[in-house]
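Participant: The chain contents come next:
2 protein chains.
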Amino acid sequence: MTEPLPRNDYEAFIPGLLHWVSYCNNGAEAAKEVLPLTVAGATVGYVRPEFAKRHLQQFPDVFQASSSGSIQVHPQLATQQARTAAIAAVLEQLREEGVIDGWRNELYPAVQSFHDEPAFLLERAAAPHFGIKAYAGVHINGYVRLPDGGLELWVARRSRTKPTWPGKLDHIAAGGQPHGLSCQENVVKECQEEASIPPELAAKAIATGAVSYTSLQAAGLKRDVLFCYDLELPLDFVPHPQDGEVEEFMRLPIHRVAELITTTDEFKENCTLVICTFLIRHGFLTPDMPGYLHLLRRLTSGDCS
Amino acid sequence: MTEPLPRNDYEAFIPGLLHWVSYCNNGAEAAKEVLPLTVAGATVGYVRPEFAKRHLQQFPDVFQASSSGSIQVHPQLATQQARTAAIAAVLEQLREEGVIDGWRNELYPAVQSFHDEPAFLLERAAAPHFGIKAYAGVHINGYVRLPDGGLELWVARRSRTKPTWPGKLDHIAAGGQPHGLSCQENVVKECQEEASIPPELAAKAIATGAVSYTSLQAAGLKRDVLFCYDLELPLDFVPHPQDGEVEEFMRLPIHRVAELITTTDEFKENCTLVICTFLIRHGFLTPDMPGYLHLLRRLTSGDCS
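Residue numbers (UniProt numbering), protein chains in the order written: chain Y, 1 to 305; chain P, 1 to 305.
A couple of the hints might just be wrong.
[To be verified] DSSO-like mimics (lysine-lysine), calculated; alpha carbons at most 27 Å apart, straight line:
| no. | chain 1 | residue 1 | chain 2 | residue 2 |
| --- | --- | --- | --- | --- |
| 1 | Y | K32 | P | K32 |
| 2 | Y | K204 | Y | K268 |
| 3 | Y | K189 | Y | K268 |
| 4 | Y | K204 | P | K204 |
| 5 | Y | K268 | Y | K168 |
| 6 | P | K162 | P | K189 |
Just so you know, these hints were derived from the structure itself, not from any lab.
Working from the sequences, and respecting the hints, build out all of it.
Facilitator: Given below as structure tokens:
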């Protein structure tokens, strides 16, 4: 077994960690170039001008260009239900036209802040096209505390047949936050489905904060908020894949995880941000290390609301 | 002994916690009305226009008004040493004139970011007058884990004879970050001086993040960054006052601490922010509670760099 690093030596990882934070925040500048998507005056998303022109303009009963340059959902669609239904019909047509694909059959709420009443709900696959803030779920750091006080993290390798990030390293469990489920319920559900963690054990996961970022993608602006959880697992617990999304689980010393993050691209990118918060909260990174406050602040660079 | 609250019931504390965050951030708007204080083009502080006019203008060899409206340290003072000495002489005169008082005999660095080479050092008492970012130290949440898994926090009552916040509730230990000491060394020093915590125990304190805020005071703009630490203490450990700054120590259930913060003004204000991070990191507050992300984001409202 590898000797654990003295905690002071984690300083060397900070530039590599900052790399991934910047990687996930490549859309901060681009945010100026997209058009706000509004409902009754409130901005709930952003669309690329060319997407608005080529694809939304053909639905004038649903989307209108306003004089201020924003795109507004037609005011005649006065309720959440009406907007959700009208937009679903638009998305169905855009799907048939091949403009949007990768349907997840999961509804995301369009909101300014997490606990707002949604202006409308829309298929998850369309969230980036409309720059909807995605509460892209609960991310669980599953770890064990060794008898000597050291920590090890359970890491999953995603199935190589998954359409998204095949073969990448990931958390022991994580999943998008569907409308209508509490975060706590979602933690228990994902732990069960992805790693066969019994509900009574998963229920011990502790909410520890959130990270956010803004990423420019081909489709549009990905504005994600991730909720971070820690789950201390018994030393003898071994997770098992259940739903076919995971190929294998590995338990790695923290410094090995930090090395993999900072010297390879093995990890799914946004997981690196959640692991950063773990390194910060558990004192592997400290204010005595240059770049500490910068990293801390950048972890909520997105619209963390 | 009081029955601990179910964790879900902490939701009710969020508005009261947000109150203190806003209280400590009453200077965000005022930041627009103060003049930047620059050294070689870099902004390292802010001064009230009237302070500049009435008090700094009499030292044209040290402070100059620039055409852009900022106050710059005279470019002829080309080194940290030269600036520190010239500003110390200014402060000595302002002290004699009764403009600045409460000398702490502790030097704060004037920097843009924590690990920068300081543009100059100045007496801590003058930091708000010059809007210097104050790394107002290490704040240690000293807690115990009960056999049933519940947490209790050690809280200090400040001496009633202390010039600042007499009689208020405070952390088990905390202290400003003097130039030349590492945060980790400062933790050990403050734990020893304020609570008689042996160095080998204090060394187990874990860095967990930071909070920042901008507060408008009579003197000027207080721009503070606080480094947060957790120190898990043995169940049978009892802290003792050593340097006369603390009147007594109490061990309180977390929900009692949250109640005191949200229903009284017993706590020194900025301590409430550090305890907020404790409530967030240990899962007493969760994303299922309205206001969670708002609180999380607002805890680094100041210039957290």
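Participant: Against this structure, judge whether each hint is valid.
Facilitator: Structure-based check of all given hints:
1. Straight-line distance between C-alpha atoms of K32(Y) and K32(P) comes to about 23 Å, which keeps the hinted pair within the 27 Å bound.
2. Taking the CA atoms of K204(Y) and K268(Y), the gap is about 25 Å. The hint holds against a cut of 27 Å.
3. Simply put, K189(Y) and K268(Y) have alpha-carbon atoms about 21 Å apart, close enough for the 27 Å limit, and the pair holds.
4. For the given pair, K204(Y) sits about 24 Å from K204(P) by alpha-carbon distance, which is consistent with the 27 Å threshold.
5. For the given pair, K268(Y) sits about 6 Å from K168(Y) by alpha-carbon distance, which is consistent with the 27 Å threshold.
6. Taken as a hint, the K162(P) and K189(P) pair is honoured in the structure, with Cα atoms around 19 Å apart against an allowance of 27 Å.
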